[in-house]
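Chemist: Protein chains in written order, with our numbering: chain A, 1 to 269; chain B, 270 to 516.
Warning: the hint list may mix true and false statements.
Short, incomplete list of chain B residues facing chain A, as computed with Cβ under 10 Å [as the list claims (entries may be wrong)]:
no., residue
1, D293
2, S295
3, R349
4, L355
5, V385
6, K404
7, S410
8, G411
9, G412
10, Q413
11, A424
If you're looking for bench data, these hints aren't it; they were derived computationally from the structure. None of these values were measured; they are calculated from a predicted model. Here a beta-carbon is modelled for each residue, glycine too, at the ideal position from N, C-alpha and C.
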Amino acid sequence: MPFDEEYYNLGRLDRLSYKNTFVHRLDPRAKLIATLLFLFTVISFSKYEVVALIPFFLFPVLLMTIGDIPFLFILKKVLIVSPFAIFIGIFNPLLDTGHVLVLSGFTISAGWFSFFSILLKFALTISAALLLIATTPFPSVCHALRRLGMPSLFVSQLLFLYRYIFVLVEEAMRIVRARDMRSFGASGTGIKVFVRIIGILFLRTIERAERIYYAMLSRGFQGDMPTFKRSHITAIDLVFVATTILFLVVFRFFSVTEGIGRIAQELFR
Amino acid sequence: MSHHIVEFKNVSFRYPDGTDALRDLSFRIIHGESVGIIGANGAGKSTLLMQMNGYLMPTSGTVTIGDLQLTKKTRQDIRRKVGIVLQNPDDQLFMPTVYDDVAFGPLNLGLDEACVRERVQKALSLVNGLELRDKPPHHLSGGQKSAVAIASVMAMDPDILAMDEPAASLDPKSRRSLITMLKTFKHSKIIASHDLDLILDVCQRCLVIREGTAAADGPSIEILSNKTLLEENNLELPLSLQRLQVG
């Protein structure tokens, strides 16, 4: 059942984040900062840049290998959202027809470059974000945000989102199952029933929110979510961030791909 | 000690939609007593519990906890004294990890960090849940969830423990360990439940609620063996007593 599968998928990403590897043990703030810097560096390239983006795949690949995250799982996730990027870029080759490259008879328009550039940037940013979530428990990401200065209201919202997305999806799953069991073929699955299901889900959510608020008040909630300080930045975290920055700078301002190419040329001359 | 008393005096409560949930309800629970609250569906058991810490305020009548009468002003103080465990642990456990959840109450009480950690440690070991501390609640089983829900309330060190259907979603073994655990608590306990065997096991006294008012009040063993009274209230003899009758 597709719905059940999606639920399982969501849970899997979450379970991955509770592993215990070198990457998982890094301070969430270090990982958050490194990921953000990575995102900004990737986005900062010009819209025709393709070649210089390739070396950046080193970052997600390293995280994935050291963090013991299954490659196919991340790849699938990236593919699921890829239509967005494809649709943004798909018309570039047709609209942007400035000729830039002639390769043994083929002319490649500038639009193709910007299209591939969009796809690469997309793949890099999404996989980096997914890997952050897959190597850091979500609550830790939230606490990191809080300690890096994000307003507590937003952080509480994120925490509640994380806590209750599973409950909500399970609730939806139960309703969908109940519908499927009694709809014998297609008759129960129309848009009308679907709309009602959404309505019921919404009402149940409101009722639950009320009960949760009751539970919070019962335990002395007065408007602020208190939290512990839990992690400490260690030398390893600093080294991690420093190395990331160093690599980002090198990859950003020196044409690494060209360099590798030249070295290869020298070797095989 | 007078300060662990719960007293309802002529309490009535009407929901905004016009439903009269409680009518002229009076009872008094003294220090250290465990009281079972039983009654048909919709008799007003849950509403009664919500009056105990001021989530709902009585429409008329007074609720007194210890030496404090429940008003909007005193309700924060009353919430420290009365710990309520809700029926559905998913409502009770709202923080992303077990540890954070159990620490939520103590942190709100304004305790310092070392003290909070000690409380969390104590509360979790009380329910044998120490190894669950870093898990997110959605990775727990039903029994574990309800154990943690109890820990989250016990961490506030309440004088009075109120529970709504504590054993409703537990398997028999988890239910049994809950009962054993409840027996060791020296708090005043108020337990609303349809699980009459649990009430018979844990509570000395029993209060029957019908249509928002007290229909009977007395020692559990008397009330729970009174077949007519129970059947009038959509209940039946606890299984353990049924067996005795047949035998």
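Chemist: Give a verdict on every hint.
Modeler: Cross-check of the supplied hints:
1. D293: With a minimum Cβ separation of about 25 Å from chain A (threshold 10 Å), the hint on D293(B) is violated.
2. S295: The hint is violated - S295(B) has no Cβ within 10 Å of chain A, the shortest such distance being about 24 Å.
3. R349: Holds, about 7 Å.
4. L355: holds (6 Å)
5. V385: Interface hint status for V385(B): holds (8 Å vs cutoff 10 Å).
6. K404: With a minimum Cβ separation of about 8 Å from chain A (threshold 10 Å), the hint on K404(B) holds.
7. S410: Hint violated; S410(B) Cβ to chain A Cβ min 14 Å, cut 10 Å.
8. G411: violated (12 Å)
9. G412: Since the shortest Cβ distance to chain A is 17 Å, the answer is violated.
10. Q413: With a closest approach of 15 Å, the Q413(B) hint is violated.
11. A424: This hint holds: A424(B) lies near chain A, its Cβ roughly 9 Å from the closest one there, short of 10 Å.
Against the hints set out earlier in the document, violations occur for numbers 1, 2, 7, 8, 9 and 10.
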